[in-house]
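Chemist: So the sequences go chain by chain: A, B and C. Here the first sequence is numbered in my numbering, starting from 1 and rising by one per residue. Here the second sequence is numbered in my numbering, starting from 304 and rising by one per residue. Here the third sequence is numbered in my numbering, starting from 563 and rising by one per residue.
Mixed in with the good hints there might be a few duds.
[As the list claims (entries may be wrong)] Lysine-lysine pairs mimicking DSS-like chemistry, simulated, CA-CA at most 25 Å apart:
id: 1; chain 1: C; residue 1: LYS859; chain 2: A; residue 2: LYS252
id: 2; chain 1: C; residue 1: LYS759; chain 2: C; residue 2: LYS896
id: 3; chain 1: C; residue 1: LYS759; chain 2: A; residue 2: LYS83
[Unchecked claim] Taking beta-carbon pairs under 10 Å as the criterion, some of the chain B residues facing chain A (in silico):
id: 4; residue: LEU331
id: 5; residue: VAL378
id: 6; residue: MET386
id: 7; residue: SER420
id: 8; residue: PHE548
The set of hints was computed from the structure by calculation and includes no laboratory data. Each residue gets a CB set at the ideal place from its N, CA and C atoms; glycine is no exception.
Each chain is listed here by its residues.
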Amino acid sequence: MISEQASESIKRKFSLSRSLRENPITQGLFLISPANIYLFIFIVLPLILVAGLSFLSRGTYGQVEFRFDITNYTRLFDPLYGKILLFSLGVGLGTTVICLVVGYPLAYFLAHAPAKQRSLLLFLILLPFWTNFIIRIFAWMIILRSGGVLDSLLQWLHITQAPLNLLYSPTAVMIGMVYEYLPFVVLPLYTSLEKIENSLLEAASDLGAPPWKAFLRVTLPLSVPGMIAGTILTFIPSMGMFVVPDILGGAKTILIGNVIRNQFLTARDWPFGSAASMILMLLTMIFTLYYTRKAGFGEELLV
Amino acid sequence: MSEKKSSIWLRIYSVLVYGYIYAPILILIVFSFNTQKLNIRWEGFTFHWYDVLFKDGQVLLATRNTVIIAIISTVVATIIGTMAALAMQRYRFPFYNTSETLMYIPIVIPEVVMGISLLVFFVMIKFTLGITTIILSHIAFNVPFVTLVVRARLHGYDKAIDEASMDLGANEITTFRRVTLPTIMPGVLSGAMLALTLSLDDYVITYFTAGPGSTTLPLRVYSMVRFIVTPEINALSTIWVAIIFIILVIGQIAQSKRA
Amino acid sequence: MKKIRMLCILILAISMILTACDGAKKSTTLNLYAWSDYVPQQLLDDFYTKYGITVNYDTYESNEEMLAKLQAGASGYDVIIPSDYTVAIMIKQNMLETLDMSQITNFGNLDTRFTNRDYDPGNKYSIPYQWGTSALVYDKTLVPSEPKSWADLWDPAYKGRLVMLDDERELMGMALQVLGFDKNSTNTIELNQAEAKLVEIKPNILTFDSSTPENTIINGEAWAGLVYNGNASLAYQSDPNVVYICPTEGCTIWFDNLAIPKGAPHKDAAELFMNWVLDPQQSVLITMEFPYSNPNKAALDYLKANDPTTYDSYMAFSGTNPPVTFLANATPIKDVGDATTLYDNLWTDFKSR
């Protein structure tokens, strides 16, 4: 005979597992919980600490003192930081636009390539990014420096006579930035373009449209989700990226990423650095949420 | 998409772009055989730097750490991320929007902030810094990327297949194992690949959460280039690229044989 | 798909092999946290051979980074190598262990010019490791005329031809000295003037580089600049036209020291290590590998006796062996406490121009 207690616990077990099997809400919660719990512990809690830090003060020797201080935030209203923010936005925008322009034809080519070759071609784009980031940038130094590989090549081909002095210039920085973010644009674009039905283009040409018009009116609009995804993946990170401007640009400029890093590692003013980070995070979150509400969550993000 | 031959201009253009992508890699490989120490100009051919590399205990230790961290964090993040993607793409549950926002946070935080916050966090809960803290941190930033990628794959997934499977008598678990999972596997693997890449190359967050003896390859390389950029680093990159290339070629051959 | 699976299997296999190869080195360890490429591997290997203690060598890129991490509470390190002003800060914040000098008998090997300095009177917490300077370097065949002062570098002839350390204290210090002020000034007016002065020289600066500025000199891209003595020495090794001087306004002298952070798990091993580093034969290894200046008198004597060629090159170049005239004008950088915020603001503004 099953005891009263035993049958109760069996009933409870059954109802939980039944609930898991039949109730979609329970299923959903079960699936999302590991991520939610993990991210809460390792992202949210640490960030709350940072938020708390942003209201404290810097001690004489760089230690954190428990004095409430709102000046960390008010300091950010100094036009200097507005100028830096605008400059960073400009760098991010420039990188994104050039990446889109350079990457679009490549994505188009990939989407049209024979199906068997496509994944190989894609992997070939990713392969260089399995080397170390810093090393890649240093390799560009070898190429771009005065009298370096590029100069030697161009002079040998008699295209130029004197060194181009590319290294430490804004051009070098752009070359490096576009280099780093190109795959983030090409892959989503490729995914978008690949999905476009051939029949649509055939229909357009049947209706008398020349190829360029078919491209403008059919292909381009349909590839917009890919462009949006590529923009998000490029614009936000490139805004905060400072390693490329520091190494290829000679560290002659200052971006928000530099400011934040300096606060934590040079000036050792953690409260101020925390405040700057909070503001930056707020701005990027607003941007991302606005963009994704408008265009889906960026479904063309990756293959 | 159609497979008609692309115009000659498009092909030339694409070759040029690939050239752009591979230029630094080729330079790295070529200069790894350079006799000159300083990586500025070519001087002569030698295997010397490969020899130095294999004797460099710190680099070998760093490589070992990097690989362990990458594999563990990728596996865990992929599992958690795939579950989350399934949840978000197929179900509606309370706090859905909060969960979605939570997913985005690691993508938009500056890495320095994430690194510092984790450092402070671990110190406050008195968790010793080391390989474990690095792994925990890597999982944290990998989960959102995996989720995003798998969601993209799930987006076009037709639930009717699952329902058909269940109509035919399979329960949820079997359906998942034999129908859903294989279909979304390309997305899951892409997510895993992305997570692996992010983990292997991570510098900032690892810097803050590393402890004594848990240095990784990006950390080691970064400090090597600070003093002097010797071709030993080029040798390391060349080998790294060569290994991956060989694996890809093997995979490609295996796949075409299968077909 | 299959290739990805194979990739995973291969990576897993490799990592398992590497883990197995690690062997059972579970004996005592020492956790060293220092500048990268600053401690010769041979020295660490010899230490292991003699005492059976394995050294884990983790690295940082600047004093501030190390300080930031330790201030945040990171622990587990036994030996660190902070510079003079960092030692001063750490002493004030009670972040260092006092040294048991009875364990460090080789202390007497040090040149007394470098012991008992004002940042750590009596060497209660630190032992000098290496020292050096940051000053003016130039290539005498490239410059329009040989510069004698920092002010000379403001000449428009140097447009795009200077390389400078990416260091706010060094550059602000240089500008302050050019204006006749103290390089560790905390006076707001003086600091603002210094920044304005720096903005004037910005067009002349090709690149800010604290890691490998010598490359731009060797390559001829830059003609002159403000660098560490180590960089100057490396440039000199490749190009004998390189000259390294302390300008009339002054330059910087710095001292790096071995110290033990509070709460170090292997304090005894740490002191043993410090003593080991002071051994002349070991100390010489540092000089052979890295072109800084060695405060260990016994080591230099040992070098003179055993490798006169290296000794002579060490003595001949102002990067490794600055003459008295050089040192007369060299002053250390000191922490500026609360003025750090002002320095940082001005530096950020300077970089944004």
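Chemist: Does each hint hold? Answer for all of them.
Modeler: Now the hints, each set against the structure:
1. With a CA separation close to 41 Å, the supplied pair LYS859/C and LYS252/A exceeds the 25 Å bound.
2. In summary, the hint linking LYS759/C to LYS896/C is supported, as the alpha carbons are separated by about 21 Å, within the 25 Å threshold.
3. Proposed proximity of LYS759/C and LYS83/A is supported: the alpha carbons are some 21 Å apart, at most 25 Å.
4. At a threshold of 10 Å, the smallest CB-CB gap from LEU331/B to chain A is about 5 Å, leaving the interface hint in force.
5. A least Cβ separation of about 13 Å between VAL378/B and chain A goes past the 10 Å threshold, and the interface hint is therefore violated.
6. Restraint check, MET386/B versus chain A: the minimum CB separation of about 4 Å is within 10 Å; hint holds.
7. Against a cut-off of 10 Å between C-beta atoms, the interface hint on SER420/B holds, since the closest Cβ of chain A lies about 3 Å away.
8. For PHE548/B, the shortest C-beta to C-beta distance to chain A is roughly 7 Å, which falls under 10 Å, so the interface hint holds.
Violated hints, listed in ascending order, are 1 and 5; each of the other numbered hints is respected by the structure.
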